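Undergrad: Chain by chain, the residues:
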Amino acid sequence: MPGLEDLYREIILDHYRSPRNRGELETPPAVRVDGFNPLCGDEIIVYIDVADDGTISDVAIGGQGCSISQSSASMMSAAIKGKTVTDARSLISAFKGLMSIHETDIGGDGSEAEMGITDDTFSIDNTDDISLGDLEALKGVVKFPVRIKCATLSWNTLTQALDEAQPV
Amino acid sequence: MSLPADIKADFPVLRQQFDGTPLIYLDSGNTSQKPQSVIDAMANYYETANANVHRGSYELAVRATAALEGARAKVAKFINAPSTSEVVFTKNATESMNLMARAWGSANLAAGDAVVISEMEHHANIVPWHMLVAETGIELRWIPVDADGQLDLTDLDRLLDGTKLLSVTAMSNVLGTLNDIPRLAAAAHDAGALMAVDASQYVPHLATDVQAMGADFVVFTGHKMLGPMGIGVLWARAEILEAMPPFLGGGEMILNVTKEGFTTAEIPWKFEAGTPMVAEAVGLGAAIDYLSELGMDNVRQHEVELTAYAMHKLTEDHGEKITIHGPVEPSARGGVLSFVYEGESGEVHPHDIAQVLDQAGVCVRAGHHCAKPLMSVLGANATSRASLYVYNDESDIDQLSASLHAADELFSF
Ligand SMILES: Cc1ncc(COP(=O)(O)O)c(C=O)c1O
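From first to last, the protein sequence lines are chains A and B.
Residue numbering for the first sequence follows my numbering, starting at 1 and increasing by one per position.
Residue numbering for the second sequence follows my numbering, starting at 169 and increasing by one per position.
No lab work stands behind these hints: they were computed from the structure.
This structure is a prediction, so every number in the text was calculated from the model and none was measured.
We put the CB at the ideal spot given by N, CA and C, even for glycine.
Check before you lean on any hint, since a few could be wrong.
Stated by the list, open to error - Between beta-carbon pairs, the in silico distance windows are:
| hint | chain 1 | residue 1 | chain 2 | residue 2 | range |
| --- | --- | --- | --- | --- | --- |
| 1 | A | A51 | B | S513 | 30 to 38 Å |
| 2 | A | G54 | B | D316 | 52 to 60 Å |
| 3 | A | L13 | B | S274 | 50 to 58 Å |
| 4 | A | L13 | B | T443 | 49 to 57 Å |
| 5 | A | E26 | B | A380 | 58 to 66 Å |
| 6 | A | S93 | B | T443 | 44 to 52 Å |
| 7 | B | S274 | A | E24 | 44 to 52 Å |
Next comes chain A alone, as it looks inside the complex:
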């Protein structure tokens, strides 16, 4: 069984303790999307303001949830603020890549080898030029499959918000 220190890394607890960009934005001009995790009832609200030049000029996070969903949302908000929508979308796929061990892949004794978790798992092929920075700290979540949905909640919500702000 993986240890708690793999999950609750210091940087994660830091974002949980002092969440970045916590609050609300006025809608419109901002777009608001509510995301739910039907399994646990966690709720994330993502507000983004996209400027005419396609940059995310402001972002705010509301809602409530566990340390993993909250810190993931906080780190996400810090990572996308000031970025273009296109860059934000690349970051989303990079992050999803990091989280890409799905429950269905897990069987047998649940050991890391069995689950196919190696260092390679964390290299992101199609998005090599993207640095995940602090977000790398969340890779331990993959060892706790039920928590992956906590970590990806804000990112799925962001995808929807981007689609609404700037339809593809």
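Put chain B with the ligand on the given structure of chain A with help from the hints.
TA: For chain B with the ligand alone, coordinates are given in the frame of chain A:
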């Protein structure tokens, strides 16, 4: 009389260790563990009696049919049903509810008719009615829950006016509240409505008498009462079942089929289309034997004592930090302890609590417990829930309390 001291030894799962930590299973409200006798009964069925039921003329098929019908008779006796033919096997409580809502509802409910449920229902006793609201325009009304986690019956008569069915849980899976079913049934009948009871959390823990409840329908699920997953029960009074149209159509549920149509089999088979879950029925029968051997009064006494111990221990160790929802009096509730934990630096989220507890081998459930309307009444998005059963003891509670300190520490900044 109390339960055997070495009862844990009957449950193979509980003998396991995870990384050297013994398993402390406190999630029986979700699903219960199975005693060896249930596992053996199911294996024995496959080893000695497996054949399709009600069809073969050979000895093996006779045995299989006897196994299924024998299990039905055990269920009937366990809940004091007047007749074995009133026991319908389903997949789980959810299917039983849907059977009732669809088959009875389609024949008896029309636009403008009301169905009354309560704010403390499991989604299984909410969503089937929402579906009927959308399809047929019935009205769904709610009995409110008060601050003590009890049904607020002040407005019951008004709620029941024009109502065809009152459907309420006998015991809340979140609060542990035990509802006064005989009283509710009497009120429903006075108003000309039928009474349905979600007894999923009741039948496993308290001696059940469907006649004394005054109910017309009772729904429960095998896997929460030491039986296997994949079997549930709908009990209803014979005359109601007789008058109901079938639910699913196919084999087993017919008397005759022609190119023009079909006639249905007698109850209960009329509601059991297709090959049934015989091994699961046998497992449920063995679970009933096991519980009967323990004695349901002893089961209840054990749980009241352990609930009292848990409420005392958790409050003594954690003081103001812990808030346990539901009735404060242990004898007025079941062994379900939903709580929120206010640590040094604010609420420790139930998901995080469950994760830290898991590290110590302690299994609790975190989330909304399939009762979202109740959660919004409680003003919580999620709670942690420890739920007790026959195999739990004081040392399990001690371990729970100790690991809660660990969670508090990790999330104190
Ligand atoms: C009160 C109550 N009703 C219904 C159910 C549904 O049981 P099942 O999932 O076996 O259908 C549950 C179990 O989660 C429950 O606690």
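Undergrad: Hint by hint, note whether the structure agrees.
TA: Outcome of the hint check:
1. For the hinted restraint 30 to 38 Å between A51 (chain A) and S513 (chain B), the CB-CB distance of approximately 36 Å keeps it satisfied.
2. Taking the beta carbon of each, G54 (chain A) and D316 (chain B) are about 55 Å apart, inside 52 to 60 Å as hinted.
3. The hint said 50 to 58 Å for the Cβ distance between L13 (chain A) and S274 (chain B), and at roughly 54 Å that hint holds.
4. Checking the proposed 49 to 57 Å range against L13 (chain A) and T443 (chain B) shows it holds: the Cβ atoms sit about 53 Å from each other.
5. A C-beta distance of roughly 60 Å is found between E26 (chain A) and A380 (chain B), which places it inside the suggested range of 58 to 66 Å.
6. At about 46 Å, the beta-carbon gap between S93 (chain A) and T443 (chain B) stays in the expected band of 44 to 52 Å.
7. Taking 44 to 52 Å as the suggested C-beta distance range, the pair S274 (chain B) and E24 (chain A) conforms, at roughly 46 Å.
The structure shown violates none of the earlier numbered hints.
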